[in-house]
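**Student:** Each chain is listed here by its residues.
There are 2 protein chains.
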Amino acid sequence: MITCGARLEAIAVPGVPLVGAGADVPALVVRAIRDAGLAPADGDVLVVTSKLLSRAEGRFVDLARVEPSARATELAGAVGKDPRLVELILRESSGVSRQAPGVLVVRHRLGFVVANAGIDASNAVPPEAPADSGPWALLLPEAPDASAAAIRARVESEAPSGTRVGVVITDSFGRPFRLGTVGVAIGVSGLPALWDRRGEPDLFGRTLEQTITALADQVAAVADLVAGQAAEGRPLVLVRGLKFDPVREPASALLRKPEEDLYA
Amino acid sequence: MITCGARLEAIAVPGVPLVGAGADVPALVVRAIRDAGLAPADGDVLVVTSKLLSRAEGRFVDLARVEPSARATELAGAVGKDPRLVELILRESSGVSRQAPGVLVVRHRLGFVVANAGIDASNAVPPEAPADSGPWALLLPEAPDASAAAIRARVESEAPSGTRVGVVITDSFGRPFRLGTVGVAIGVSGLPALWDRRGEPDLFGRTLEQTITALADQVAAVADLVAGQAAEGRPLVLVRGLKFDPVREPASALLRKPEEDLYA
Chain A
1 MITCGARLEA IAVPGVPLVG AGADVPALVV RAIRDAGLAP ADGDVLVVTS KLLSRAEGRF
61 VDLARVEPSA RATELAGAVG KDPRLVELIL RESSGVSRQA PGVLVVRHRL GFVVANAGID
121 ASNAVPPEAP ADSGPWALLL PEAPDASAAA IRARVESEAP SGTRVGVVIT DSFGRPFRLG
181 TVGVAIGVSG LPALWDRRGE PDLFGRTLEQ TITALADQVA AVADLVAGQA AEGRPLVLVR
241 GLKFDPVREP ASALLRKPEE DLYA
Chain B
1 MITCGARLEA IAVPGVPLVG AGADVPALVV RAIRDAGLAP ADGDVLVVTS KLLSRAEGRF
61 VDLARVEPSA RATELAGAVG KDPRLVELIL RESSGVSRQA PGVLVVRHRL GFVVANAGID
121 ASNAVPPEAP ADSGPWALLL PEAPDASAAA IRARVESEAP SGTRVGVVIT DSFGRPFRLG
181 TVGVAIGVSG LPALWDRRGE PDLFGRTLEQ TITALADQVA AVADLVAGQA AEGRPLVLVR
241 GLKFDPVREP ASALLRKPEE DLYA
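Residue numbers (this note's numbering), protein chains in the order written: chain A, 1 to 264; chain B, 1 to 264.
Just so you know, these hints were derived from the structure itself, not from any lab.
Nothing false has been slipped in among the hints.
No copy is singled out in the list; a pair is fine if it fits within one copy or between any two copies.
In silico lysine to any residue, SDA-like type, Cα no more than 25 angstroms apart, as pairs:
{"no.": "1", "residue 1": "Lys257", "residue 2": "Ala149"}
{"no.": "2", "residue 1": "Lys243", "residue 2": "Gly174"}
{"no.": "3", "residue 1": "Lys257", "residue 2": "Ala78"}
{"no.": "4", "residue 1": "Lys243", "residue 2": "Arg198"}
{"no.": "5", "residue 1": "Lys257", "residue 2": "Glu92"}
{"no.": "6", "residue 1": "Lys257", "residue 2": "Pro176"}
{"no.": "7", "residue 1": "Lys257", "residue 2": "Pro101"}
{"no.": "8", "residue 1": "Lys257", "residue 2": "Leu179"}
{"no.": "9", "residue 1": "Lys243", "residue 2": "Arg178"}
All chains should be modelled from the sequences, with the hints used to inform the complete structure.
**Tutor:** The structure is reproduced here in structure tokens:
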């Protein structure tokens, strides 16, 4: 059973620093929530940017140390990108979805279709980097569902007994057909990824496929708005107003099977 | 200049009834806001479901009165849908994007790519319908940008002088690659459809395409969450926490040009 109250709030939780490799993200999250005077309540969803996790996991790569394969070099020529970046993109991917000058959309090893394998080239420099190093790239986190679960366990262990929260790890993805990026869930714990609102029959007495809501993606979109321009300064957003029974459902529940995807 | 505060709120505004053809939506919106004790403030965005507008515009169609063309009948056979519904879908569209058993994705006459031309088959019955009529379908609104502008003008005229709000007309769309629907903007007034957050150079000194946020779509996603299961009862959501200079930018600003779309 999932419901949304008549008022939904998304609150940027201050006090989470721009971390480097080795940072304890669950501890940072718990401390930031406490320092902000926000007591986690049943149904709260904590939304964490992938960038915070990637930095904490040390997913920085110095392109100067990447040796592009022949395939990466050829593909880089075709799309007009740095061969070392293309090498990283291919290593992070299970296949290319579309390529064109300036564009390289792949299926990420975690299953989702995303430009450049989600590799971030802004603010990707590790704190300890020598001045003459780089350029740097930042890969997506290793296992966002597991990271979400670890954050959830820590938050719940510090909250009043029996409190159940959700955690969503987000990234900003582009889309076919439509311009601009939107927040999407690449890791989930506790919160149902999908919200099955079926029940009403359609014209023909069948249930409507369209009434399954991408709950975790829409929560990610809310948080992405609040992260706003100051993305570096707002890596943690609390979304309050949902009620749900905690589930074990990975972010991959949001993915169409490639063989059922008419646009794959 | 666009900003989002550290707290974003989405509030379902109660008191908007399930209307029939001829309802004055701007008047309904103003009255519901006032009755809820919500004074519109600068930067507020009023989000209205397409279904409310469609009903007010009388976009109901009795399928019993639809004569399918030969093409609609053939296509209906291929995808396993009612030929009369397929006829309506084709009339509302400029072309078919993908077809498969059970699936008919088209480019709507308004430009966006959507399953079934956004035609709704649930709660599509007009209030005055005879018991033996139907089945009924509900088409998307005629001109959502113009409807958004009319609502905005009415809200601003009743608000303290100089108050500037945004209005978004939403629908729930499916997506390639990912399961579940998300709220998208099919009409916009005042609010910038896109939020250009570029400025930081990427690895190669260029600006990042990825830092343009689909602002109106993300606002639509927030509202879609709040509309929740009770979609019929929550056709109006107030989103508070953004600041923006009002612009004239249609919802089509969110659409990729077909010739630039690798998935078209």
